[in-house]
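One gets the working numbering by counting positions in the sequence shown from 1 and adding 441 to each.
What the hints contain is simulated information worked out from the structure, not anything from laboratory work.
Keep in mind that the hints are not guaranteed to be accurate.
[Claimed, not checked] Only pairs whose alpha carbons sit at most 30 Å apart, straight line, appear in this in silico BS3-like list of lysine-lysine:
1. K501 to K537
2. K501 to K558
3. K537 to K558
4. K618 to K537
5. K558 to K618
None of these values were measured; they are calculated from a predicted model.
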Amino acid sequence: MAATQEGSLPGRRAQTEAGREGKGPVPPAGARGGEGGGSLNLSGLAYRAVSEMIRDRRLKGGETIVEQRLAETLGVSRTPLREALQRLEGEGLVVKAPNRSFVVRHVELAEYLQSLKVREILEPEAAALAAGRIPVPRLRALRAEAVELNAAPAHTDAHWTSDDAVHRVLAEHCGNKVMARLIESLRITTRLFEIAWLSDRVGPDSSEHIAILDALIDGDARAARRAVQAHIRSLSRFTLTMVG
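Required output: the full structure, derived from the provided sequences and hints.
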């Protein structure tokens, strides 16, 4: 999944740029109407577009989503957009207001730091449990992405996807489904708060991810535990420095 310096690892640059110009993603041929599950395709496009708008802070925490306007911006009807918003609600990225409108979830500093503290307990354990269970080719591919991001720290879109992949692989292979669900829920919370400073974390995160992946490639559970713990503590220190 490596990318050139002009691209992004997940290949979403074109969609992101279209969204910034207010055009939204362009549905593929045959996606409109009822051809080949068109509603589902449009819902998926809307989901990805709105996720990116939240990540890019074009939709900020606490902001009410005006469905009709957003649907027009994305070039879809309100039905697939509402399906996308319901999916995002299930993931904790948006919440339902008393008036039934969707609002981008707002995460306060206290909730963020408390969530990081719980992650500091769970994720090092997940890493230790996952050591020796993750296919080495997958780890090497993730490491290659982290190395590339470390050399080109402007790629915030690619960093977002790479960061998710590194942390998700720990949860997926820890052998504890309850732990995995808790980690994913906590990561949604911390990710919403981190958005404001995402570009400042690309370099440090990439270096710390490389240390985690090296430990996992070696099958060293202790080193993996230490590397993940150091990474999450680094996030806490960074945040406290930024908020002054």
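For each hint, the structure was consulted:
1. K501 to K537: holds, 15 Å
2. K501 to K558: With a Cα-Cα distance of about 24 Å, the restraint between K501 and K558 holds, given a limit of 30 Å.
3. K537 to K558: holds, 27 Å
4. K618 to K537: holds, 27 Å
5. K558 to K618: Holds, because 20 Å separates the two Cα atoms, which is no more than 30 Å.
Against the hints set out earlier in the document, no violation occurs for any number.
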